[in-house]
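One-letter residues, chain by chain:
There are 4 protein chains.
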Amino acid sequence: MDNTYQPQQLLARSEKRHRARMLISCPDRPGIVAAVSHFLYEHGANIIQSDQYSMDPGGGMFFIRFEFDLNDLERELPVLQEDFARVSDRFEMKWSIFRASRKKRLAVFVSKEDHCLLELLWQWQAGDLEADIAMVISNHPDMGELVKSFGIPFHHIPVKADAKAEAEKQQLEAVTGKVDLIVLARYMQIISPKFIEQFPNRIINIHHSFLPAFVGGKPYAQAYQRGVKIIGATAHYVTEELDGGPIIEQDVQRVSHRDDVDNLKRIGRTIERVVLARAVKWHIEDRLLVHQNKTVVFN
Amino acid sequence: MDNTYQPQQLLARSEKRHRARMLISCPDRPGIVAAVSHFLYEHGANIIQSDQYSMDPGGGMFFIRFEFDLNDLERELPVLQEDFARVSDRFEMKWSIFRASRKKRLAVFVSKEDHCLLELLWQWQAGDLEADIAMVISNHPDMGELVKSFGIPFHHIPVKADAKAEAEKQQLEAVTGKVDLIVLARYMQIISPKFIEQFPNRIINIHHSFLPAFVGGKPYAQAYQRGVKIIGATAHYVTEELDGGPIIEQDVQRVSHRDDVDNLKRIGRTIERVVLARAVKWHIEDRLLVHQNKTVVFN
Amino acid sequence: MDNTYQPQQLLARSEKRHRARMLISCPDRPGIVAAVSHFLYEHGANIIQSDQYSMDPGGGMFFIRFEFDLNDLERELPVLQEDFARVSDRFEMKWSIFRASRKKRLAVFVSKEDHCLLELLWQWQAGDLEADIAMVISNHPDMGELVKSFGIPFHHIPVKADAKAEAEKQQLEAVTGKVDLIVLARYMQIISPKFIEQFPNRIINIHHSFLPAFVGGKPYAQAYQRGVKIIGATAHYVTEELDGGPIIEQDVQRVSHRDDVDNLKRIGRTIERVVLARAVKWHIEDRLLVHQNKTVVFN
Amino acid sequence: MDNTYQPQQLLARSEKRHRARMLISCPDRPGIVAAVSHFLYEHGANIIQSDQYSMDPGGGMFFIRFEFDLNDLERELPVLQEDFARVSDRFEMKWSIFRASRKKRLAVFVSKEDHCLLELLWQWQAGDLEADIAMVISNHPDMGELVKSFGIPFHHIPVKADAKAEAEKQQLEAVTGKVDLIVLARYMQIISPKFIEQFPNRIINIHHSFLPAFVGGKPYAQAYQRGVKIIGATAHYVTEELDGGPIIEQDVQRVSHRDDVDNLKRIGRTIERVVLARAVKWHIEDRLLVHQNKTVVFN
Numbered sequence: 001m002d003n004t005y006q007p008q009q010l011l012a013r014s015e016k017r018h019r020a021r022m023l024i025s026c027p028d029r030p031g032i033v034a035a036v037s038h039f040l041y042e043h044g045a046n047i048i049q050s051d052q053y054s055m056d057p058g059g060g061m062f063f064i065r066f067e068f069d070l071n072d073l074e075r076e077l078p079v080l081q082e083d084f085a086r087v088s089d090r091f092e093m094k095w096s097i098f099r100a101s102r103k104k105r106l107a108v109f110v111s112k113e114d115h116c117l118l119e120l121l122w123q124w125q126a127g128d129l130e131a132d133i134a135m136v137i138s139n140h141p142d143m144g145e146l147v148k149s150f151g152i153p154f155h156h157i158p159v160k161a162d163a164k165a166e167a168e169k170q171q172l173e174a175v176t177g178k179v180d181l182i183v184l185a186r187y188m189q190i191i192s193p194k195f196i197e198q199f200p201n202r203i204i205n206i207h208h209s210f211l212p213a214f215v216g217g218k219p220y221a222q223a224y225q226r227g228v229k230i231i232g233a234t235a236h237y238v239t240e241e242l243d244g245g246p247i248i249e250q251d252v253q254r255v256s257h258r259d260d261v262d263n264l265k266r267i268g269r270t271i272e273r274v275v276l277a278r279a280v281k282w283h284i285e286d287r288l289l290v291h292q293n294k295t296v297v298f299n
Numbered sequence: 001m002d003n004t005y006q007p008q009q010l011l012a013r014s015e016k017r018h019r020a021r022m023l024i025s026c027p028d029r030p031g032i033v034a035a036v037s038h039f040l041y042e043h044g045a046n047i048i049q050s051d052q053y054s055m056d057p058g059g060g061m062f063f064i065r066f067e068f069d070l071n072d073l074e075r076e077l078p079v080l081q082e083d084f085a086r087v088s089d090r091f092e093m094k095w096s097i098f099r100a101s102r103k104k105r106l107a108v109f110v111s112k113e114d115h116c117l118l119e120l121l122w123q124w125q126a127g128d129l130e131a132d133i134a135m136v137i138s139n140h141p142d143m144g145e146l147v148k149s150f151g152i153p154f155h156h157i158p159v160k161a162d163a164k165a166e167a168e169k170q171q172l173e174a175v176t177g178k179v180d181l182i183v184l185a186r187y188m189q190i191i192s193p194k195f196i197e198q199f200p201n202r203i204i205n206i207h208h209s210f211l212p213a214f215v216g217g218k219p220y221a222q223a224y225q226r227g228v229k230i231i232g233a234t235a236h237y238v239t240e241e242l243d244g245g246p247i248i249e250q251d252v253q254r255v256s257h258r259d260d261v262d263n264l265k266r267i268g269r270t271i272e273r274v275v276l277a278r279a280v281k282w283h284i285e286d287r288l289l290v291h292q293n294k295t296v297v298f299n
Numbered sequence: 001m002d003n004t005y006q007p008q009q010l011l012a013r014s015e016k017r018h019r020a021r022m023l024i025s026c027p028d029r030p031g032i033v034a035a036v037s038h039f040l041y042e043h044g045a046n047i048i049q050s051d052q053y054s055m056d057p058g059g060g061m062f063f064i065r066f067e068f069d070l071n072d073l074e075r076e077l078p079v080l081q082e083d084f085a086r087v088s089d090r091f092e093m094k095w096s097i098f099r100a101s102r103k104k105r106l107a108v109f110v111s112k113e114d115h116c117l118l119e120l121l122w123q124w125q126a127g128d129l130e131a132d133i134a135m136v137i138s139n140h141p142d143m144g145e146l147v148k149s150f151g152i153p154f155h156h157i158p159v160k161a162d163a164k165a166e167a168e169k170q171q172l173e174a175v176t177g178k179v180d181l182i183v184l185a186r187y188m189q190i191i192s193p194k195f196i197e198q199f200p201n202r203i204i205n206i207h208h209s210f211l212p213a214f215v216g217g218k219p220y221a222q223a224y225q226r227g228v229k230i231i232g233a234t235a236h237y238v239t240e241e242l243d244g245g246p247i248i249e250q251d252v253q254r255v256s257h258r259d260d261v262d263n264l265k266r267i268g269r270t271i272e273r274v275v276l277a278r279a280v281k282w283h284i285e286d287r288l289l290v291h292q293n294k295t296v297v298f299n
Numbered sequence: 001m002d003n004t005y006q007p008q009q010l011l012a013r014s015e016k017r018h019r020a021r022m023l024i025s026c027p028d029r030p031g032i033v034a035a036v037s038h039f040l041y042e043h044g045a046n047i048i049q050s051d052q053y054s055m056d057p058g059g060g061m062f063f064i065r066f067e068f069d070l071n072d073l074e075r076e077l078p079v080l081q082e083d084f085a086r087v088s089d090r091f092e093m094k095w096s097i098f099r100a101s102r103k104k105r106l107a108v109f110v111s112k113e114d115h116c117l118l119e120l121l122w123q124w125q126a127g128d129l130e131a132d133i134a135m136v137i138s139n140h141p142d143m144g145e146l147v148k149s150f151g152i153p154f155h156h157i158p159v160k161a162d163a164k165a166e167a168e169k170q171q172l173e174a175v176t177g178k179v180d181l182i183v184l185a186r187y188m189q190i191i192s193p194k195f196i197e198q199f200p201n202r203i204i205n206i207h208h209s210f211l212p213a214f215v216g217g218k219p220y221a222q223a224y225q226r227g228v229k230i231i232g233a234t235a236h237y238v239t240e241e242l243d244g245g246p247i248i249e250q251d252v253q254r255v256s257h258r259d260d261v262d263n264l265k266r267i268g269r270t271i272e273r274v275v276l277a278r279a280v281k282w283h284i285e286d287r288l289l290v291h292q293n294k295t296v297v298f299n
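Residue numbers (the UniProt record's numbering), protein chains in the order written: chain Z, 1 to 299; chain E, 1 to 299; chain Y, 1 to 299; chain P, 1 to 299.
Only chain Z is shown next, with the shape it has when bound in the complex (with noise of 0.2 Å):
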């Protein structure tokens, strides 16, 4: 590492160690954000930002996102998760709490395209991406001695036909209890249900297209045959259906008759890099709820 490379880390802007970020989603009725408001405010929390949104106020679901300060956050944090129960029961709250200061650790999965690692890696050196990259895993080794240069672990695990299953199971190893979020950026093989289930909302893909349209392989080749004249990517929540799964983000930009399959793909890698970095900054900023196969995004 000495000759390499350093990532130049900022200082986080603003002190985080006493900021907390709290989820919560629950049917709709009178009286939650005065509940909760009021509960944080009992508890010496101060709010710094609140989102909420109500699907349908005459009785849908409610969601509702909290950013607070609280002064010892470490010893009190416990304190409010507990007391906090008598709040959720009474709205039936589903509810998560997290403290900014804990970075949120990530593997990012690849084959061969580089730029969607890149882009995260990028981000991550210029101090944008206030996550810890934990690892990076790939089917094919093309990536090892950049990954390393940045300082970071990287596993090479091939994936061969015949042994998707071993190879699963050693990706599993690899991860379980080590990342909260596993990045799928451009990795080019299916995801199987069972790792799925292990990892609920915590998978994120980039899809190459402007989902739905180009569900699948080769969305420039079928964008091409298309003729479409916006071309786009998706970023996602992984499910069991093939690119079927939440979506996070999208973007787009302008084609025209004049950009043939391999132009489609170098505007597509600009577009691609930046919708997954954008989906992943919130997810480990903790904006995003998912609500049947939809996310609400608190951004």
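Simulated from the structure, these hints should not be mistaken for lab results. A quick note: this is a predicted structure, and the numbers were derived from the prediction, not measured. Certain hints may be false.
It does not matter which identical chain is used: a pair holds within one copy or between any two.
Straight-line C-alpha distance at most 30 Å; calculated DSSO-like pairs for lysine-lysine [said to hold, decoys possible]:
no. : residue 1 : residue 2
1   : Lys169    : Lys281
2   : Lys94     : Lys265
3   : Lys281    : Lys112
4   : Lys112    : Lys160
5   : Lys265    : Lys169
6   : Lys103    : Lys169
7   : Lys94     : Lys164
8   : Lys160    : Lys103
9   : Lys218    : Lys16
10  : Lys112    : Lys16
11  : Lys103    : Lys265
Starting from the known structure of chain Z, fit chains E, Y and P onto it as the hints suggest.
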């Protein structure tokens, strides 16, 4: 009116009779969200949406918008407003409450270009602009028939170079006490400071450039001259400084060396009308707060 | 017409009397540009603009558009067209020449949604759409007064479930020989193959989704259901395959989980009208070539 | 270099050995396209693409770009260039011809921000930037190791306030005769007129605002102060006037009141690197012509 086009005023999608919106600005400190949401809950109000913005959690300004339903709003609101004094005093709040069913009344000022006025009329007749267009005022007679065909009063108030004060006096007479918002829909006359102070943050202008680029006259000619690759439009509240008031919304479109000034104008027209309509919509839905020549947009 | 709004038909910005446009498709091989541009020069034509596209220089199709000025165009054009046979035969060209001053005649088909029709009418009256709107045909009477107030003939041709053929017969009688282009401006009926073959690549439809996503009915409901973060609209030539014809133009806008189906429709309306108007504009300016279900757009 | 990341230089998608590009500016008059295309045809060149722009057909400037294939280009080109004099004299043309296989050599100037440099390096290693990065020059040593890990020479030339002329002298020695284009990739020093005149229209700068808004220093702080709703970046050729040279490319992104200056910088970084990379790509593909402080972009 019998043989002219009837605006198809859509019914409100949901019952708005009991809906109110509250806008608050105050110095930031702990407990604001808790206090207000608890207050609303106590008074039987059900919070439908809340948005907040903390300029600087360490001690800046705090802005919040609540949208809530309250049974028997018409009778209960005065009580709620009176009671709120104890909360607002405690936190030194500036605040307002608006009933959603009480449509704001607009005066639209135009000169000879009709596209921005037409967009407002179209959105209004489509039921997308929940306001009453109380009158259109123009320094030219050209659009009189069009405006009247929508059943809207039209005032032709010529503005002569040597009698501007007299024209403004007539305008003021027409609007005072009769409108909540003045929209300058490509109105090509300068408004005097005296007029502006009657409508603080209640006059919205559309400027046909991406401000602060190309302040003043002939912005498309300036844009052509400079060779920009993107043009834009800016909706802002009118202040004494020409094109210098708080920006509400901006949008842009790509252009090329092939676009001459006429083309820039043509392309710009679509940007202008969309940007102005968005800004007006946000104002009439009470989504805008102004602080130190900048807007907070809760949309 | 005396008391209704007069469209302010702008004078053409430049004298169009001598302007012509030429569209050519042929197998690619050396010498095409040289041959055509030399031919035009010999005949006294001054090339104002040329655009070309070579699918595959190694042996695909070649497309070219010339815009040129020719003195005394009306008299000279027949000569030029006759002489061009020797060039076109040599290169196996499919070609057409259009006089810019000869405005194309449009029939606009509508049902109950008026926004796309209104956009076309506005652009037409602003002088931005250099066409004659020869008639509006609708299966509902609702827009009759509006259309007539612009001085445009309106045909109400009801389409009953058990008498579609009869309705199409009436439509064909109305348009045959009288229009150059049919614009389906949110016309909610399927057009029969028999009708379509009378107007090959001369029927433009606006589909209210980002094709090929959400083919068929209720695309905004489908988009809401899938939880997309961007919605779009697509203008395409109509072919026998539903929503499957050559795409002319697409555009999109960002949405969020907060946007319900009604909101998506509202946002979508602005995309639809802008996209359709662009596609129509390109068609009437002879900027579109179709090859194998895709468009070449020389804009 | 043995254990560092190897740029995966892709093979050119099509054989570029026989490809050349021609850029011409001249006063507009009839026969230019015919004369040049006929000349190329006579010399056995096959036109692959042509673009032209006529500022004012009635008598302005005319710009044209041809891309063509010519067998045995290396031997034939000198002949073709010599013969072209008779065409260029007749039409008073300024013109140049470039061989596509002859990659342009770049010097990239940087200070402490690495994102623009990194983008160029990634695009270069992905084979998307058909140039040789001949050297990187910086007034700080920080990026030395990174640059060398790509196998690219790095010159650390400190710029002291009292010895700017000396630093420029060293820079000129490093680049003169060795590079075709200088890219200021967030290089935070003013370049002297004397330096600029050595590289007319061959120095590209990225300015971190949507010019002409926010000329000069700290544009993100200026943008925050003004409360704009969209920020941008501008790539332009460097002239003596600060941030006043011909604009090559611009792009923008939406921001909100929530984005503080640090956030604007973070968002802006992605705009800057994409905009700069596009401008550099167009320059090295000979797609840019400059006329009266504006660019013609044939892309």
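Given identical chains, is Lys160 near Lys103, meaning Cα to Cα at most 30 Å, within a copy, between copies, both, or neither?
-> neither (34 Å within a copy, 40 Å between copies)
Check Lys94 against Lys164 for me: Cα-Cα at most 30 Å, and say if that holds within a copy, between copies, both or neither.
-> neither (35 Å within a copy, 54 Å between copies)
How do Lys281 and Lys112 come out at 30 Å by Cα distance, when the copy is not named: within, between, both, or neither?
-> Answer is both; intra-copy 23 Å and inter-copy 24 Å each pass.
Given identical chains, is Lys94 near Lys265, meaning Cα to Cα at most 30 Å, within a copy, between copies, both, or neither?
-> The answer is neither: 41 Å in one copy and 32 Å across copies each exceed 30 Å.
How do Lys103 and Lys265 come out at 30 Å by Cα distance, when the copy is not named: within, between, both, or neither?
-> between (33 Å within a copy, 22 Å between copies)
Between Lys112 and Lys160, at a C-alpha cutoff of 30 Å, which is it: within one copy, between copies, both, or neither?
-> within (15 Å within a copy, 44 Å between copies)
Is it within a copy, between copies, both, or neither that the alpha carbon of Lys265 lies no farther than 30 Å from that of Lys169?
-> neither (32 Å within a copy, 42 Å between copies)
Under a CA distance limit of 30 Å, which applies to Lys112 and Lys16: within one copy, between copies, both, or neither?
-> between (36 Å within a copy, 26 Å between copies)
How would you classify Lys169 and Lys281 at a CA-CA limit of 30 Å: within, between, both, or neither?
-> within (28 Å within a copy, 44 Å between copies)
Between the shortest in-copy and the shortest cross-copy C-alpha distance, which are at most 30 Å for Lys103 and Lys169: within, between, both, or neither?
-> within (26 Å within a copy, 47 Å between copies)
Up to 30 Å CA-CA - Lys16 versus Lys218, copy category = between (43 Å within a copy, 26 Å between copies)
The earlier numbered hints that this structure contradicts are 2, 5, 7, 8.
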